[in-house]
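Here are the chains, one letter per residue:
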Amino acid sequence: MKKLIVFCSAFLISVLAIGQSLDYARDQFSLGNEAYMKGDYETALNHYLEAEPSTEGLGINYNLGNAYFKLGEIPESILHYERALRFDPSNEDVQYNLSIANDLIVDKIEVLPKSKLQIWWKTFRYSLGPDGWAEICIGLSLTSVLLFLLYYFGGSKALRRFGFFGGLVTCLFLVLTYTLAQSAENYRYAEKSAIVFTDKVDVKSEPRGGSVNVFVLHAGTKVDILSQEGEWYEVEIGSGAQGWIYQDELRLV
Amino acid sequence: MKKTGRHNWIAIVSILCFPLFSWGQGATLEATVDKNPVSVSDIFKLKITLSNGKGSIETPDLNDFQVVFGPSRASSYRIVNGRQTSSMTFSYTLRPKETGTFEIGVAKANVDGKILTSSPIKVKVVEGASTAASGRGKSSGGQKASPQSANQNLMVRTQLSKSNVYKGEQVVVTYILLSRYNNIDLGDIDFPTLDGFWTEDFPEQQTTWEPKLEIINGVQYRKAILRQQILFPQRTGTLEIKPLTLSANVNRSFFNPGENLSVRSNSPKITVKALQGGAPKSFNGAVGSFDFSASVDKTEAKANEAINLKVKVTGSGNLKLIDEPNFQFPEDFEVYDPETNDRISVSTGGLRGSRTFQYLIIPRYPGQYNIPELEFSFFNSSTGKYQTAKAGPFDFNISDADGNVPTAGAPRAKNLVEQSGLDIRYIITDANVLAGPRSQFFGTPLFWAGTAGPFAMLFIFLIYRRRKEALDKDVRGKKKRGAGRMAQKRLKAAQAALKSGDSQVFYQEIFKALYGYLGDKLGIPIGQLSRQRILSELRSSGVNEAAVNDVTYVIDTCETARFAPVTETSDEVFYKRTAELIENLEGRLK
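Going down the list, the protein sequences come from chains A and B. Using my numbering, the first residue of the first sequence is number 1, and each one after it goes up by one. Using my numbering, the first residue of the second sequence is number 1, and each one after it goes up by one.
A couple of the hints might just be wrong.
[Said to hold, decoys possible] Here are the computed lysine-lysine pairs in the DSSO-like style, where the Cα-Cα straight-line distance is at most 27 Å: (1) B:512 / B:489; (2) A:70 / B:281; (3) B:492 / B:478; (4) A:70 / B:385; (5) B:298 / B:310; (6) A:108 / A:38; (7) B:167 / B:298; (8) B:385 / B:312; (9) B:385 / A:38; (10) A:70 / B:473; (11) B:167 / B:478; (12) B:223 / B:124; (13) B:320 / B:281; (14) B:492 / B:512; (15) B:45 / B:312; (16) B:468 / A:157; (17) B:512 / B:478; (18) B:45 / B:167; (19) A:38 / B:390; (20) A:157 / B:473; (21) B:212 / B:54; (22) A:204 / A:108; (23) A:192 / A:157; (24) B:281 / A:38.
[Said to hold, decoys possible] Computed list of chain B residues with no C-beta within reach of chain A, every gap over 10 Å: (25) 260; (26) 425; (27) 438; (28) 471; (29) 541.
Worth flagging that the hints you see were computed from the coordinates, not collected in a lab. Please read all numbers here as calculations on a predicted model, not as lab measurements. Quick reminder that beta carbons are idealized off the backbone N, C-alpha and C, glycines included.
Construct all of the structure, not just a fragment, from the sequences and the given hints.
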């Protein structure tokens, strides 16, 4: 009983602490917005940075990206736009601003074309985010159980048959939705990409300083991370070219 | 006629007299030597001259030298172009005593109670033979004169007006020729190429000797300016101006082929500072000190009628490097590239003047328009700060062909909306969109409870139901299996009653045995047991009519026996018959 009380109070305190720091983040966010409105981007950026550790999501990263953009720090702004896209890949404002920021960097990469279906699938997969899919999961689970109950207690044969097959199909959808939620979560937290921060980087053929330079990248370019070997990352750019970059030249999205 | 002559005389006299009262530029005291450095075996002259003043001269201490001759005193008095000058000179002829550097101290003069002093002279005494005394001396060595001595009598210098400047700030560079030769023919002059500078040359001039002599280290030189330029540094850091080389032939005369000399100038360095950060948005590279003005020739015009906007930058600085300012014009104005007009002069003060940009503007649609305040920013090199000058704003009333100015709300000709500026979209302003870090619902225990909970409950419910069903089934089975035994027990009780002769109890027991047996066997709860129900259940479970009749008979008999004694059959026979019936049913009701 004592243990339970201790546990409960600890839980409550932690919930309250999160709540408070979130309030703090919101205050800082609003202050930053006021400064941004006046064109004082330096102050706005400081407020956003103050808020950043106690929040996450599209809002804070989008505004950070904008503040960095206005101050001319394009790689930082691209990093934050990419982070914002992790939370909502189909957000038009973020996509638009990212495209403008990308126009200002040195590297223009020929991105391999994607089919309409691929684009639609990606948008669909990440549109709801892990939480949206999770809520659908719960709804489907309840529906399928109700249908199974209908199967057990249904009056007529047709009703019972409907209950059985309906329940099975709903179960199938439940599994699918769960997979989608998991993939959305992976996209948000596990999938690795990075932004180049050094003005000019020689991309190497091997994770070793003296190896052959395969190609050159410049600040602001996004790379996907395939693997890590000690202090080196194996990266791939939009055109499909691969190579190794030293960790200090990058910042992970 | 006579009158006129008199007037002329007065004029002439006043012209003659007036200059008598204008003494040069005040008294000066100068000390000069005729060569420096001097060879130890040589002699040289020291002159101390008091110009334009009268007073006593106190000569310096000359203990470091042997006075060969002097002091000799000379006075002169001249009127040149109506200007009166006088001078008094003390001359010494001196011989050094040993090598080294010696200083000839200051000479002093007391003129009208004011003490004038000359600057001290450092005389360097070196080893070696006698050198050419001066430019005017006989050149015994001819062309073989050592460069050392030539450099002393003929020099070129590069002078800068400033040596520590901001990038883009103007610096005047002057190339000077200093000579002690009377007779000099200038040959090739190789001016340095200036890397890292944008240059503006002074207008070409004939090289002439300056009226005033230049004294360097106590030695007098004639001075001429070879060229002047204005430099605008385009790079930061330390920039060096390469030396100028000049070749000349000196002392040529009818009998003498002269002497060819080649001299190099010094190479001064300029430290160029970068402009500070935080330049205003309208800063366009202008460095210096400027005024800014703008004007339009009309503010009321008809659509498609040209308007002139004149933007003028006046001042001193890198005027020629100023590009057209970037202004924001209304979208419906067609603006042509501006025409640039310069009125710029080059002088020792630097580049000075004005640059005018003339914009031709054609408003395409009637309406009320506004050109917002025009801004021009420059870096003020004297204060080291950016300055922004403003002009305008200008309001225009553009009328249509009939002279009507539509008001703001009135409909007007439509034109395609064009995107003219590219900028990022605005921020998110609602702070409530923020969520705590890792506040994800997916994967939390609550999520799992929500997803798996309903199924778990379904399973628990189903298992519970099945258990209960199984339990129920079990009770009936037991009863069914035990039905025969129960009947046997009851029959035994009936037999006991038969032996004791209690007929009432006997029939009761028989009735109970059969009813209980059939109830258990057919799975009918005790409350629902009735003759009717038993018979229908028996028929539906396929028992033949004889057996059913037997059951009816036994039940009827037992019910009759409750009220009246049974006569038609003996108790023993009835017992046997019932036992046989139960046995028979046991075989059929499996």
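task = Tell me, in ascending order, the numbers of any earlier hints that this structure violates.
result = 6, 7, 10, 11, 15, 18, 23, 26 and 27
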